[in-house]
Amino acid sequence: MNDPSGAVIGLDFDGTLSPIVPDPAAARIHPAAPDILAQLSARMSAVVILTGRPPATVLELGPGLTDVPGLVILGHYGFERWENGRISAPPPPAGVPRAEAELPMLLDALGLTGVAVEDKGRAVAVHTRRSPDPDGAFEALRRPLAALAERNGLVVEPGRYVLELRPPGMDKGQALSLFLAERAARSVMFVGDDLGDLAAFDAVRASGLPGVTVCSGSAEVTELAERADIVVDGPDGVMALLKELTAEVRG
Numbered sequence: 016m017n018d019p020s021g022a023v024i025g026l027d028f029d030g031t032l033s034p035i036v037p038d039p040a041a042a043r044i045h046p047a048a049p050d051i052l053a054q055l056s057a058r059m060s061a062v063v064i065l066t067g068r069p070p071a072t073v074l075e076l077g078p079g080l081t082d083v084p085g086l087v088i089l090g091h092y093g094f095e096r097w098e099n100g101r102i103s104a105p106p107p108p109a110g111v112p113r114a115e116a117e118l119p120m121l122l123d124a125l126g127l128t129g130v131a132v133e134d135k136g137r138a139v140a141v142h143t144r145r146s147p148d149p150d151g152a153f154e155a156l157r158r159p160l161a162a163l164a165e166r167n168g169l170v171v172e173p174g175r176y177v178l179e180l181r182p183p184g185m186d187k188g189q190a191l192s193l194f195l196a197e198r199a200a201r202s203v204m205f206v207g208d209d210l211g212d213l214a215a216f217d218a219v220r221a222s223g224l225p226g227v228t229v230c231s232g233s234a235e236v237t238e239l240a241e242r243a244d245i246v247v248d249g250p251d252g253v254m255a256l257l258k259e260l261t262a263e264v265r266g
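Per this note's numbering, residue 16 is the first one in the sequence shown, and the count goes up by one each step.
Any given hint might turn out to be false.
To be verified - Below, in silico cross-link-like pairs of lysine to aspartate or glutamate (EDC-like), each with a Cα-Cα straight-line distance of 20 Å or less:
hint : residue 1 : residue 2
1    : K135      : E165
2    : K135      : D38
3    : K135      : E117
4    : K258      : D248
5    : K258      : D18
6    : K258      : D82
7    : K135      : E75
8    : K258      : D244
9    : K258      : E117
10   : K135      : D148
FYI, nobody ran anything at the bench for these hints, they're computed from the structure.
As the structure is a prediction and not an experimental result, all values here were calculated from the model.
All chains, full assembly: derive it from the sequences and hints.
Dropping the structure here:
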């Protein structure tokens with residue numbers, strides 16, 4: 016990287032900095048990540064985590080992230096921002112708790128078992144990974160959840176055995192584009208693993224900046240790998256790539 020001081024490094028959390036696990040609450044950041052991110056942040060324009068999770072949850076699941084100098088966490092696809100120890104966000108949308116209240120009856124009516132509902136504050140996620148038939152449950156939920164989201168002024172974001180109901184008007188692409196403009200970035204790299212990261216890949220290409228897209232690969236999602244400049248093997252591969260980048264910019 017010829018101009019590290021003008022570079023922005025953007026990263027997803029789940030599946031990128033943290034391995035995917037059956038229970039989202041049990042996820043933990045890769046043990047090498049905080050130190051590597053701290054080294055990168057000292058040499059780059061910015062390191063930013065872009066995630067569907069709330070920033071407070073990312074900090075809870077990522078011990079050591081508060082020690083990364085200058086780190087920014089854009090949670091809820093950019094609706095919430097953590098920086099310098101403070102979280103800023105607009106008021107929570109009313110449609111999310113209304114949709115969440117309807118979910119138990121919907122799941123019961125569909126006869127689905129092993130499906131977990133995750134309250135994310137500004138969003139609600141429905142996970143099918145622990146269902147006896149994860150793919151079947153995922154497909155059975157697509158249309159009913161789309162209708163539920165529409166009734167409550169929300170949109171559905173599909174992911175790796177998860178369907179997330181959240182407010183419209185922001186995605187990882189928009190959030191990344193705004194952040195690049197804010198930092199007057201001169202180059203960008205984004206690392207992700209899931210369908211929600213496609214918008215960030217598009218933002219890298221639309222920025223007109225020298226950019227690299229990286230897929231933290233898995234057998235569950237192939238669309239991202241097909242669009243990526245580089246494919247690595249999960250969070251371990253992400254750490255290896257970032258470590259190489261750290262050595263490069265160190266000189």
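A quick look at each hint next to the structure:
1. Taking the CA atoms of K135 and E165, the gap is about 19 Å. The hint holds against a cut of 20 Å.
2. With a C-alpha separation of about 14 Å, the suggested pair K135 and D38 falls inside the 20 Å cut-off, and the hint holds.
3. Our distance criterion of 20 Å between C-alpha atoms is met by K135 and E117, whose separation comes to about 16 Å.
4. A distance of roughly 14 Å separates the Cα atoms of K258 and D248; the hinted pair therefore holds under the 20 Å criterion.
5. For the proposed pair K258 and D18, the alpha carbon gap of about 17 Å is at most 20 Å, so the pair holds.
6. Distance hint between K258 and D82 is fulfilled; the C-alpha atoms sit about 18 Å from each other, no more than 20 Å.
7. Taking the CA atoms of K135 and E75, the gap is near 13 Å; set against the 20 Å cutoff, the hint holds.
8. Taking the CA atoms of K258 and D244, the gap is near 18 Å; set against the 20 Å cutoff, the hint holds.
9. As the CA atoms of K258 and E117 are separated by approximately 45 Å, the hinted pair breaks the 20 Å bound.
10. In summary, the hint linking K135 to D148 is not supported, as the alpha carbons are separated by about 24 Å, beyond the 20 Å threshold.
Comparing the model with each numbered hint stated earlier shows that hints 9 and 10 do not hold.
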